[in-house]
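Novice: Quick note, the sequences are listed as chains A and B, same order.
Counting the first sequence from 1 gives a position; the numbering used here is that position plus 42.
Counting the second sequence from 1 gives a position; the numbering used here is that position plus 42.
Hints listed in this document are in silico derivations from the structure and should not be mistaken for laboratory results.
Just so you know, not all the hints are guaranteed correct.
When chains are identical, the list treats them as one kind, so a pair holds in a single copy or across two.
[Claimed, not checked] List time: in silico EDC-like cross-link candidates among lysine to aspartate or glutamate, alpha-carbon distance up to 16 Å:
1) Lys292 with Asp220
2) Lys204 with Glu217
3) Lys292 with Glu145
4) Lys462 with Glu182
5) Lys266 with Glu290
6) Lys204 with Asp220
7) Lys123 with Glu214
8) Lys292 with Asp201
9) Lys204 with Glu182
10) Lys123 with Glu51
11) Lys292 with Glu463
Bear in mind that the values here come from a model prediction, so they are computed numbers and not experimental data.
2 protein chains.
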Amino acid sequence: MGNIGGTYEPLSVKTLAGRLGPVTAISNRLGADISTWTSKEIGDGNLNLVFIVSSPLGSVIVKQALPYVRLVGDSWPLPLKRSFFEYHALVRQAGRDPGTVPEVYHFDETQAIIVMEFFTPHKILRHSLIAGEKHPGLAEVLGLFCARTLFRGSDLCMDTAKRKADVALFAESVELCDITETLVFSDPYFNAERNHHTRQLDRLVAELRADIDLKVESQHLKSKFCNNAETLLHGDFHTGSVMVSESETKVIDPEFALYGPMGFDTGMLLGNFWMAYFAQPGHADTPGGRAAYQGWILGVVEEIWAVFSAEFSRLWREERSGILYQQTLFEDQGHRLASEQALAHRLQHIWQDTLGFAGVEMIRRTLSLAHIAENDTIENEELRADCEARGLRLGRQLVVNRCRLHSMATVNDLARIIAKEAKQ
Amino acid sequence: MGNIGGTYEPLSVKTLAGRLGPVTAISNRLGADISTWTSKEIGDGNLNLVFIVSSPLGSVIVKQALPYVRLVGDSWPLPLKRSFFEYHALVRQAGRDPGTVPEVYHFDETQAIIVMEFFTPHKILRHSLIAGEKHPGLAEVLGLFCARTLFRGSDLCMDTAKRKADVALFAESVELCDITETLVFSDPYFNAERNHHTRQLDRLVAELRADIDLKVESQHLKSKFCNNAETLLHGDFHTGSVMVSESETKVIDPEFALYGPMGFDTGMLLGNFWMAYFAQPGHADTPGGRAAYQGWILGVVEEIWAVFSAEFSRLWREERSGILYQQTLFEDQGHRLASEQALAHRLQHIWQDTLGFAGVEMIRRTLSLAHIAENDTIENEELRADCEARGLRLGRQLVVNRCRLHSMATVNDLARIIAKEAKQ
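Isolated chain A, as found in the complex (with noise of 0.2 Å):
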């Protein structure tokens, strides 16, 4: 099928088609050629270079993976393993959730290069965030990509030695883990040296740094991310690994995948969804321009959660064919309310993770190295801190009082009492 090989180099836009012109699986979507073809770099992420690449027969995407990360520099390397790993997750939910993912077309593990489906015309998800930009069907195909991943890729229903054999495969990708491990869960709970926040709200991170119920539970989450490897997940589950047009969703980018807690992607998910909805107030026109929109968001965050437990359930009773909660003790011994029993208490499990990591994402995109551009882009210094430090509020009740909290109409509540109350 021809093959780039060779030692790893990094692309550029002149050299790309004539060294990709030879794989096949490429040329037979754009032509064998190369003269039509034509790239673009349009990596905006902070680790890749991202290519489109284009002929008068159809695009692709190539993704390649730098030794460093993008957005720091070669100051900090990275392996260009994860592109590895992004293409085995790349696989396997494509597998579990068909059509969300972007089709693989060639990996070349030397290169770090994966070409897949290009996705036009979408955009990313934070930027319609930013713009107010509504999407039907995005929190279904959101809380169905949640759910089918978590639950195909878990003990529930996987043949437990191909789990074992993945969990060891992906143990590798420690320098991708240590970045969510540190930046995520370490660096915003003290004076770390990446951190950086909008100085107005000194007062506030000073009082969240010396927050101990904040810090222990944090810590606490950590352990779970760190050692509760219950199914595969994306890893980077935020507004900006997903696309959207008119009438589609697609999930990006999942270089990050381990083996984690299942609440970790919805958590990171619905975090950003809650930061995109303290960040209106910064976006609007007029005061108050963006309060309708605010509810579609908080609107968004209730139905993703709905999906996402009706199609677990669903899957719960249709495809539990792990070695966890066998039908052998339940169903076939006409204990179908042991089942039930056992599906609400996994559901309340993952419901109190989600909210634990979607308040520590919160924080982090306010604390440590990156932060959102739906705040980012408030140029309003003051204005930009109150939004975030309502995302800091939320995001504080919900990593200290996660297990205490009975829905999302009351977490939704909390959300809309802490945007018209707090302040930095």
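The hints should help you fit chain B onto chain A, whose structure is shown.
Specialist: Quick look at chain B alone, frame taken from chain A:
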């Protein structure tokens, strides 16, 4: 250093000296003249060949895995690779709690042979518990062993990259994990093929298998066992894996080693002590003749937990060098109290898991394939069933109410009450 090499072949008393003679790690201890060596097969376990090899100069233990489950026969194949996992576990345990596990002199992966230190005049603790013999220092060694191996094998202490590599290594131990997953966590809760129980227990067994809360909670514990890779466990830490003399306590046989939840080792151990407690009337010469000894057993249980907690706390304060609950976030910020708060939470967590896994162990050792000698050697079936029923009743309480049992005094009181009142 010499090696046995070649294709795998089980040792026998006749072939042993000839085959192991060239291994200098052994001849250094027994002398090069193999005509002075004598071999005796002593394997009374369920899985392996075990020989004592002696000469006038010394003795060693030679343990060789068989390609099937010895207890069942060659209809139940089992990979030789368990010897590899045992070897790796022994080496790690020796590093984490020096002097408690046998020193390994030689390991031959192809032959699945470990040659190791012979403990003499030690006997298996389980036999002591039948004979009614006390062992000073027993609880201290066991409590320290648990605290040191569980703490030092976790992300509380280890370099996480090394821990992740180790998780990947032990994730290959699929078949041994399957034995625990099936025999400990599933079979007892339905009418599985390999189960057997004393017939007088029929009514109680039916009651337990219809007990929805028990079934659901036992499966939550299974889920923890399968997915919470907190630390390297011994994995089969019952009183048959402990050797005792007048003055020494040693721990052997970690071939079931796996990454799992800390409370699994402590729980299995305590569950076996509680079963030994209930079995005493079956071994008394006169009614009540073992009352004082029963008191000693409960004292050992109490002391094991006290020593474990104290040592775990000491290690938390002095050796917390891993990625979890980093000193950077706590002590270094003047928040020593936060570190103590987190420690208290973690101990509470291990305590609840310990009780749950103890309960699961007590149930499976009465209803599943492998029972305990303390009960099996009670010839009077009625009496045996009474002893077993008491274990089942405490086990059920521990599994279902593990999060509501406050202290070891409470649990031991419960054991005393059940010992007096409960019958089949």
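Novice: Is it within, between, both, or neither for Lys123 and Glu51, if the alpha carbons may be no more than 16 Å apart?
Specialist: Cα proximity of Lys123 and Glu51: one copy only (14 Å, versus 40 Å across).
Novice: For Lys266 vs Glu290, is the C-alpha pair at or below 16 Å within one copy, between two copies, both, or neither?
Specialist: neither (33 Å within a copy, 37 Å between copies)
Novice: Within a copy, between copies, both or neither: which one fits Lys292 and Glu145 at a CA-CA cutoff of 16 Å?
Specialist: Close inside one copy (11 Å), not across copies (56 Å); limit 16 Å.
Novice: How do Lys123 and Glu214 come out at 16 Å by Cα distance, when the copy is not named: within, between, both, or neither?
Specialist: within (9 Å within a copy, 22 Å between copies)
Novice: Is it within, between, both or neither when you check Lys204 against Glu217 at 16 Å Cα-Cα?
Specialist: Cα proximity of Lys204 and Glu217: across copies only (12 Å, versus 24 Å in one copy).
Novice: Check Lys292 against Asp201 for me: Cα-Cα at most 16 Å, and say if that holds within a copy, between copies, both or neither.
Specialist: For Lys292 and Asp201, neither the intra-copy (27 Å) nor the inter-copy (37 Å) Cα distance is at most 16 Å.
Novice: Which holds for Lys204 with Asp220 at a C-alpha limit of 16 Å: within a copy, between copies, both or neither?
Specialist: between (25 Å within a copy, 13 Å between copies)
Novice: When no copy is specified for Lys204 and Glu182, does a C-alpha distance of 16 Å or less occur within a copy, between copies, both, or neither?
Specialist: Answer is neither; intra-copy 29 Å and inter-copy 40 Å both fail.
Novice: Can you tell me if Lys462 and Glu182 fall within 16 Å by alpha carbon in one copy, between copies, both or neither?
Specialist: Answer is neither: 29 Å inside a copy and 58 Å across each miss the 16 Å cutoff.
Novice: Is the C-alpha distance from Lys292 to Glu463 at most 16 Å within one copy, between copies, in both cases, or in neither?
Specialist: Neither: 35 Å inside a chain and 62 Å across chains, both beyond 16 Å.
Novice: At most 16 Å between CA atoms: does that hold for Lys292 and Asp220 within a copy, between copies, both, or neither?
Specialist: neither (27 Å within a copy, 37 Å between copies)
When each numbered hint is compared with the structure, violations occur for hints 1, 4, 5, 8, 9, 11.
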